[in-house]
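2 protein chains.
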Amino acid sequence: MILGNQVEWALHCVMILASAPKGKLLNSKALADFHGVPKEYLSKCLQMLSQAGLVKTTTGPYGGYSLAKAPAEISFLDVVEAVEGKTKTFKCNEIRRNNPCLAKSDRKFTKLCDIAKVMHEADEAWRRSLRERKLSDITNYLADGVSKETISNFTEWLEEN
Amino acid sequence: MILGNQVEWALHCVMILASAPKGKLLNSKALADFHGVPKEYLSKCLQMLSQAGLVKTTTGPYGGYSLAKAPAEISFLDVVEAVEGKTKTFKCNEIRRNNPCLAKSDRKFTKLCDIAKVMHEADEAWRRSLRERKLSDITNYLADGVSKETISNFTEWLEEN
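Heads up: the sequence lines are chains Z and E, in that order. Counted from 1, the first sequence has number 94 at position 78 by the numbering used here; the numbering is strictly sequential. Counted from 1, the second sequence has number 100 at position 84 by the numbering used here; the numbering is strictly sequential.
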């Protein structure tokens, strides 16, 4: 069970947008170049973030993406679910219904299967952990431990893009 | 991100083995019939449980599977990892290394990426939840809320298989 690469791309994109000065717009080409990922696939990913209300798009020749909310209001779960959807990680196919020993009167299952219950609890533990962490928890995303040269390159890059 | 069906099959199989009288062996055909799943695929799943040391195989015409440990010593995580492996749910492809602004001196990354850190924490929350739940936590797996007829059918089925 592994999340798609697009989750990683989406998280890095929102972190770049969170690290850029307020009002700065970055288009999909700039974001793709910055992360070394294919623009066509990244565009789809950015559209999903937009549909989920996490980023907003400004059109026009100098248009691009910016965060739609403050970094403290965007959780990791918001980003993961925007890309991967909200489907639970365990799909219960109700194979208990195939049990050949079941009397007719016992074939109506109203309670959730105990196995699915445990699996869904774990799913919720995963989501809770991601819900508790906000983009703002990652401070100094681009400047942490890097040289002045990198920071100055980034400032320049922002001016050019 | 969804777990494969085999996780559901594996969990139901170990619960049946945990519910059967001590020493009872069930072969893959019986377990496949009971759950209405294809025997060939279920066999592979049972082999994985065996490789992980959760079930043991007794060969011969009356051979079959039994639990290799007490139900209180087998966690849901043991079963899930036996089938799905231990690979983390988030794969960090280190796309931060593609950042064109990085000065040469900043290209050696020793610390884990902050994004991967958050994602791995959530993965561990999921595993922790599954690790805390043992097969023995599910009591009355087959007898809970069912009629005497079903219970008697199951006793009969165990004798026949």
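One thing to keep in mind: the hints can contain errors.
Which copy? The list can't say, so a pair holds if one copy fits it or any two copies do.
[To be verified] In silico lysine-lysine, PhoX-like type, Cα no more than 20 Å apart, as pairs:
(1) 150 / 133
(2) 45 / 60
(3) 127 / 164
If you're looking for bench data, these hints aren't it; they were derived computationally from the structure. Quick caveat: nothing in here was measured; it's all calculated off a predicted structure.
* Asked: Under a CA distance limit of 20 Å, which applies to residue 45 and residue 60: within one copy, between copies, both, or neither?
  -> Classified as within: same-chain Cα gap 12 Å, cross-chain 45 Å, threshold 20 Å.
* Asked: With identical chains treated as interchangeable, where does the CA-CA distance between residue 150 and residue 133 reach 20 Å or less: within a copy, between copies, both, or neither?
  -> So residue 150 and residue 133 pass the 20 Å test across copies only (13 Å; inside, 28 Å).
* **Alpha-carbon proximity between residue 127 and residue 164, which holds within one copy, between copies, both or neither at 20 Å** => between (60 Å within a copy, 19 Å between copies)
Checked against the numbered hints given earlier, this structure breaks none of them.
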